[in-house]
Structures are given as structure tokens and as C-alpha cells.
Amino acid sequence: MKFSDLINQLSPQAHSLTSHPEINPELDNIMPIDEAHPNSLSYIEGDRFAKMVDITTASALILPLDSSLQDLAIKRKIAWLSSPSPRLAFAQVLNLFYQPYQPSPQIHSTAVIADDVKLGKKVAIAANVVIESGVTIGDDVCIYPNVVVYPHVTIGDRTLLHSNCTIEERTHIGADCVIHSGAVIGGEGFGFVPISEGWYKMPQSGYVILEDGVEVGCNSTIDRPAVGTTKIGKNTKLDNLVHVGHNCQLGENSALAAQVGLAGGVKVGNRVILAGQVGVANQAQIGDGAIASAQTGIHSDVKAGETVSGSPAVNNKLYLKVSAIYKKLPEIYKTVRQLGKSL
Amino acid sequence: MKFSDLINQLSPQAHSLTSHPEINPELDNIMPIDEAHPNSLSYIEGDRFAKMVDITTASALILPLDSSLQDLAIKRKIAWLSSPSPRLAFAQVLNLFYQPYQPSPQIHSTAVIADDVKLGKKVAIAANVVIESGVTIGDDVCIYPNVVVYPHVTIGDRTLLHSNCTIEERTHIGADCVIHSGAVIGGEGFGFVPISEGWYKMPQSGYVILEDGVEVGCNSTIDRPAVGTTKIGKNTKLDNLVHVGHNCQLGENSALAAQVGLAGGVKVGNRVILAGQVGVANQAQIGDGAIASAQTGIHSDVKAGETVSGSPAVNNKLYLKVSAIYKKLPEIYKTVRQLGKSL
Amino acid sequence: MKFSDLINQLSPQAHSLTSHPEINPELDNIMPIDEAHPNSLSYIEGDRFAKMVDITTASALILPLDSSLQDLAIKRKIAWLSSPSPRLAFAQVLNLFYQPYQPSPQIHSTAVIADDVKLGKKVAIAANVVIESGVTIGDDVCIYPNVVVYPHVTIGDRTLLHSNCTIEERTHIGADCVIHSGAVIGGEGFGFVPISEGWYKMPQSGYVILEDGVEVGCNSTIDRPAVGTTKIGKNTKLDNLVHVGHNCQLGENSALAAQVGLAGGVKVGNRVILAGQVGVANQAQIGDGAIASAQTGIHSDVKAGETVSGSPAVNNKLYLKVSAIYKKLPEIYKTVRQLGKSL
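Protein sequence lines correspond, in order, to chains A, B and C.
Numbering of the first sequence is given in this note's numbering, commencing with residue 1 and proceeding in unit increments.
Numbering of the second sequence is given in this note's numbering, commencing with residue 1 and proceeding in unit increments.
Numbering of the third sequence is given in this note's numbering, commencing with residue 1 and proceeding in unit increments.
Bear in mind the hints are in silico, worked out from the structure with no lab data behind them.
Be aware that one or more of the hints could be misleading.
Cβ pair distances, simulated, as ranges [said to hold, decoys possible]:
hint, chain 1, residue 1, chain 2, residue 2, range
1, B, 331, A, 71, 45 to 53 Å
2, A, 102, B, 301, 51 to 59 Å
3, A, 104, B, 121, 40 to 48 Å
4, C, 114, B, 100, 57 to 65 Å
5, B, 283, C, 99, 22 to 30 Å
6, C, 288, A, 22, 22 to 30 Å
For glycine and all other residues, C-beta sits at the position ideal for the given N, C-alpha and C.
Looking at chain A on its own, in the form it has when it is part of the complex (with noise of 0.2 Å):
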């Protein structure tokens, strides 16, 4: 592809886009900075910009709103394009040059459908795939191998189940959501009683619902919980190995790292973001816009658009200040040692 054509694809959703027309390559990929050749575009974060721009042989860059980079890469005879958001920007031409497999749009010979499971337009459902008895799926949903998918199932239009994924009974899947490999919707929440001979198991009679746009990484768990739902809000994305337990709310726009734990009934709000390995405890509240950072404990509510860290978790600020004295504890430990002396 020409960069003009590339640039000529991209303005009308990148409408602030400013470029350099005289230098048009041909550009055949895209690559990370130090594995560019002629013929790439690429891209890098940050800092680290000005050093590369000199010497990538990249034919093509995206670079923030910086006109010396610009003046740099003309200098250097590479075509630039600038945004006010260059990763975004970065995204948008990746969508041009790349897109992911799907699984051509039919059925497959060795799937195994109930009889009447309502099937959308221009479905793909792959080999060895299981759907149960009452499951509805919409248009161009696409369910990848060996899938199964448990009764009284809906999945919305454009779905993509990846392989070896589960979904368990009565789950509501959205519309444009993306469920990753292994991962499992619906499995029945952790609920024992303690009696004296041990445990008596508590149903799990209700369901999950994930709201348009949610995605769910590989080998991500969601419970369903005793009575009522496990939701998850529109465009609400989760990383791999995270878990969310039984009658958890999440809002909008939110998104939880790896390996990020959520017990029962934990309520989430719009746009917070869970950084990797974050537990929350039980019934704990996280406000709108709310930052965990990684590692982070929470055993108690978080205020809309604090930033807490630490086990437990206290406002961010405190712990750098903590932390940076938490290495002095041994130099603290002796001066109050010699003063306790004297004293």
C-alpha cells in the first residue's frame, strides 16, 4: 500500500491527522521500531522517539505532534503522519494491514446442535463445537473449535467465542464481545455452608450477563451466583486468569489486568481500571474512575477516582510515601533502639 493511500483510508476516522505528502512509500507491514526495514511503518511510545527517528530504517512513522521529529524524519526521507494520539492512530492503521482469523461462515459437519437452537445470519460455528438445547445466537456470530456451549445460552450479534472456551447455563452474552480461549461464563459461583458434617453446597440458580462489547481473556472465570446476576458492563475488557466471583456488578469502560481476583458481590463502577494480580474482598465497593494499581489488596470501599495501592490498600500517594520509607525501617529501628535507651 501507498502511504497516501494509507493516509487517504485513515482521515476519515482520524479526522486531526496531519502528514507529509511529498514522501510516499510503499508500505508492505508494520513492525516494532527495532525491527523495521524499508517498506515498514512503525511505531514507538514515548521518550525513546527522537533517538529512533534518527536511525530506524523504517520507511514510514507515526509520531506525536512534534514538529522537530517531523523535520527529523523528512531529513531522513521517512513518511511521517502525526496525532494528537498516536497510539490510537497506531491502532487504526494496524486495522488496515491486518485482521485476525475467523472461521468462515458455516457449520461445520462434526458440531453438535440441539435441535432448537435458534441460529442468526451468517453464523460460523467450527468443528467439534457443542450447543445445547435452547441457546439463541444472533448474526455473524463466530464460535471457534471445540467450544461448548450449555442450555438457555443467548449470544449477540457479532460475538466471537474462541476455542475451548465454556459457557455455562443461562448466560446473556452481548453483542460484539469476545471471549478468548478457555475461558468460562457462568460456572457455578463458590457457595458452602458450613454445617458439622462439613458443607452443604449452595445452588447456584442464577446467571451472568455480559453487556455489549465486553471481552474476556483467556482462561478468565465468571461465576454465576445462588440467586440474581453476575454482570459485566458495556465494553468492560478483561485480561487472561482473571477471576470474577458471584454476583459482582461492573460498570462501563472498565478494565481489569491479569490475573486480577474479584470475590462475591463486588461492586465495580464506569472506567476503573484493575492493574495485574489486584484481589478485592468481598462486597467491596470501587467508585468510577477509580486506578488499582498492581498487586493491590482491597478489602474496603474506593472513593470515585482515587488511585489506591498496597495490602491493604491505601490511597496511592500515602503508599509511595510508605513504601520509600518502608526500606528505612532498618536505619528507623536503630535510631529508636539508641533513643529508647536513653530514654
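Starting from the known structure of chain A, fit chains B and C onto it as the hints suggest.
Relative to chain A, chains B and C alone:
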């Protein structure tokens, strides 16, 4: 179901149940208190009760043994039943209204079952299940779609294996166990001996034993050892994404919450509770009735009955004190510096 | 097998082996020391040896180079072999007695294999395996039941793919690798650009490379990146439920224990050891031979050869000091308050 019928069905198992006979609504579902409507039975835990009894539109409630709540319910014409263990009564009521999905007791034509597999009575083997040579399966076992069972596994009566789980070679699973979707039981323990060229793989010739009534959560993994066994005792329950390393020995009636990880050779007693994301180091021993709160890092033995917290784990009482003071480290440090100068 | 035969078979690979020739029992199994019986060979590690040599009923023992233990064994008529690396000798002995289950080298009739897949010699493809278009599979590869391989994957000679694992598009797996059950290799990296309406999905056009001899534990996940590669170096071993984010670059002969999580773009050197539940933040670099103890939270670079602990990670020696003092915080706080008053 009439409320009076529910009480009749429930009474034999919940002998200390009390209820109000005069209000006798028709019940057709069980709902969380904030979603209940007429003809719902509902239940909530803890102090939020009083307020909700005042406003719910549920037709019946499970209450603790509290005469003022009972009187309030009568005043509002809500049927009630009271139990010294309302949560247990709730579970028992749910069992009257709800049964989870189970495949019917037949062998699906697409299942691949070795010739010498021994099958009990009324076994359900769903689509695309693969069962290798030398496996023995008890009565009323139910195997959901796409499960794989390696050679020489034994599975006890009434055990359920949910979809996409893998039971590796020579695993013994007892009666009345539930293996949730995607779990892997009996995979090779993580054993590599460092040698000059890298690693020499330790063969894993042992096997996993799950005693009766064990439950293993979605995508959890239990490894087999080099020699001997990895054992989970009777009625012990594991939540999702739990890792149990080779040669671990778990007692009876314990519960491990989501994302707990046990390294190799860990010993866990009876009625132990490990909360979410707890990690336990190689060979550590945890006594009967011990409790570890979420994200605890256990590096050495924990006494029977002790509650531990923190990483590295300390007694929970000490932890609570230390955590409270932890936040005051900036203040402490400031004071110590001032005092140090005056020294 | 006679003990003398075992020694004969073992000697070529374990050249510094010493043994006692006169006691020559028949051996029929290898057992943990506390389950050993006559005709068992056994082995234990560490200081518990002496006591066990005194009481075991095993017929043969693997001992360290310790003449007093050897003498004790002879006195008790127990055959022994000694090695400077008893653990390695144990692994080598186990290999003489035990081979894990492998499907036989044939293509099962229920496997669904695209027409253009290139298959090496003596490949085993078990029941219900699905292999998409453009895949290349080397000699002696063994694919267990219900595995799914997406298009354009390459798999090297002698590699094993255990049940229910998923290898996503364009992944390169080297020779002599083991992918354990339920693992997902090459799933989409977690990349979303925040926009006013929520998130814009970053396409993940890169791919995963596993070099020769890599092992990936059950239900672990290794993500592919937006551009470029995620790479695991030769002979590096990953335990269960490990997460490796997009663009991570791992060196050779490293080991990651269960539930370790690496965020995006992490660099890990050669012979690095990360213990259980360690988390590593975006772009952090860990030098050759570094070690992180369990639950460590690594937010910045770790030098070659350094041992780190704690969250946030500090040098292990400092960590041990700080952890010891940490428990004394109540006492420190009390003293500081007293001193503060006297200020």
C-alpha cells in the same frame, strides 16, 4: 409452590425451622432482595435486614430468629420462615426450586471411548468426550461435552466432570466430586533439576487422589508428583484458578478461595480456610482450623486454629496492629528524624 | 529390575555415580521414603536423610556422597547409590521405571485436519483434535485429544501438546516443547486505546515464538503482541496458570513458578527464577541469574544476579531485615510516641 408446601418439604431436613402459618402466598421464584417482586421468596444476610423487610415486595422471606423482624413481616403480610442458620435454610429452599443442568444418562454417539473402559450404571457421557484405555467410571457419573480422560483414571459414583476439563493419567477421583469446566487434574508437577546444560526433567510418576465430595473450580490445576501422591481430602472445596502443586496433602472440609497457590509438598489440615490469592511456599504445614486472609504469603508453618495475614504471614492480630501503624510510617519517620538530630 | 542392572543402565549418563555392589535386591517400584516397602527404591532430600535411613523398609536408596549414611545403609542391608547430585540421579532412575502416557503415532479418525497441513513422520494426532489451514507439524509430534491449532502455526519435532490446549494463529513452537493441558499460546494481547466512547481495540498482528525445549504449564497463557513477537527462550520452563503478556522477551533456561504474571514488554534474562505469584510490571527488565521470591512485585529493573523480594521489590537482604522489623512496628510506634511527647 404454596408457601405451606415449601415448609412441609423443608421441615424434615431443617428441624429447628419456625414459620408463620397464616400467610400462605404462592411462590414461583427466589430472588435477591432488591430484585424481589410479588410471588418471590427472598433472603438477605446481616444487618441490612430490618430496612429491607420494611420495603421489599417479596411475598416470603427467610429470617433469622428475630421476633421483631417476624412481627414486621406479619404486619406487611409477608410470609416468613426463621432458622438459626438462615443461610442454610436459603440453600435448602433453593434446592427445591432449582436443579443445575445435567446431560441425560446416555452415551453420545460422538464420544470416543476406549474398548476396555468400565462404565457404571446410568452414566452420562456427552458429545466429543474422549476416554482413554483402562478408565473406570462409577454409577450416575456425568461427563459434560469435550472432557478428556487419560488412561487408568478412576471416577467415583455421581461425580460430575464439566466441559473442557482434563483428567490426566492414573488420577483417582472419589464419589460425589464436581470438577468444573477447564480444570486440569493430574498434570505433571513442575520438577526440573538444574544441570550445566539447563534443566533435566524430573519424571512425574505419581498420581492425584481426590477423596469423596471434593470440588475443583473452573480452570484450577492440581499436579501429580514425581513419586507418591497429591491428595485432596474429603469434602474439601477449591474455587477457580487455584493451583495445587505436586505432593500437596490437603485434609478434609477445607476451602481454598480463588487464585490460591500451593507450591510443592504443602500440608493443609482439616477445616482450613485460605482466602483469595493466598500463596503457600514449599513444604509449609498449615494446622487444622487455621485461616489465612486474602493475599497472605505463607512461608513457614501455621499452627492449628491460628489466623494469619500479610506477606510474609504473621498472626492476624499482629497484622491488624502493624497495618494500622504502617500508614503512619511517614509520621513516625518524621518524628524519628527530629529525635535523631537531637540525639 | 535388579539393582545391579539399574546401576549398569544408569552409569553411562551419571558418570560420577558410586554404589555398593554386594547388596543386590530386586526393585519393582520407586516410592516416597515414607511409603517405601521391600523392593522399593527411594530417595529423600536434605537433613531428614539420616533418620529415615534408620527406619525405612526400602530395598535401595539414593544417597548423597556421605559415607556414614552409606555405612548405615549397608548395616541395614539396603542397597545404595551415591551421587554428587542425588536429585539428578533420582530423576534418571525414574526415567528407567516410568514413561508418561502418549497417544500412539497415528491420526485418529475424528481429528479434523485442513487439507494443506504438513505433517512430519510418526505424528500422533488424537481424537477430536482440530488443525486449521497452513499448519506445519514436525516429526514425532504428539497432539493429545481436543487440542485446537489455529492457522499458520508451526510445531517442531517431538513437541507434545496436551489436551484442551489452544495454539492460536501464527505461533511458532520449537522442538522438544511440552504444552500442558488447557494452556493458550498466542491469544490476543490485552491492548485497548482509551477513546471518548470507551476503548479502541488494538489489533494484535504479531505472534508468539517458543524456542526449543520450552515447557508451558496447565492453563497458562502467553499472548501475542500488536506487532513483533512474544518470545520464550530455549529450555525456559513455565509452571501452571502463568501469564506472559504481549511482547515479553524471555531468555534461556529460566523458570517461572505457578501464577507468575508478566505484564507487557517485560524482559527476562537467562537462568532467571521467579517464584510463585510474582508479578512484573510493564517494560521491567530482569537480568541474567536474578531470583524473585514468592509474591514479589517487580516494578523496575532487577540487576543480573540479584535476589529480590517484597512488593514493591527490594534486595532480598534488605527485605529480610525489613520484614523482621516490620513485626516490631507496634513496639517502635509506642517508643516513638513516648519519645515524641518528651520532645
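Now the hints, each set against the structure:
{"no.": "1", "hint": "331(B) / 71(A): 45 to 53 Å", "in the structure": "holds, 52 Å"}
{"no.": "2", "hint": "102(A) / 301(B): 51 to 59 Å", "in the structure": "holds, 53 Å"}
{"no.": "3", "hint": "104(A) / 121(B): 40 to 48 Å", "in the structure": "holds, 43 Å"}
{"no.": "4", "hint": "114(C) / 100(B): 57 to 65 Å", "in the structure": "violated, 37 Å"}
{"no.": "5", "hint": "283(B) / 99(C): 22 to 30 Å", "in the structure": "holds, 28 Å"}
{"no.": "6", "hint": "288(C) / 22(A): 22 to 30 Å", "in the structure": "violated, 47 Å"}
This entry does not satisfy hints 4, 6, going by the numbered hints stated previously.
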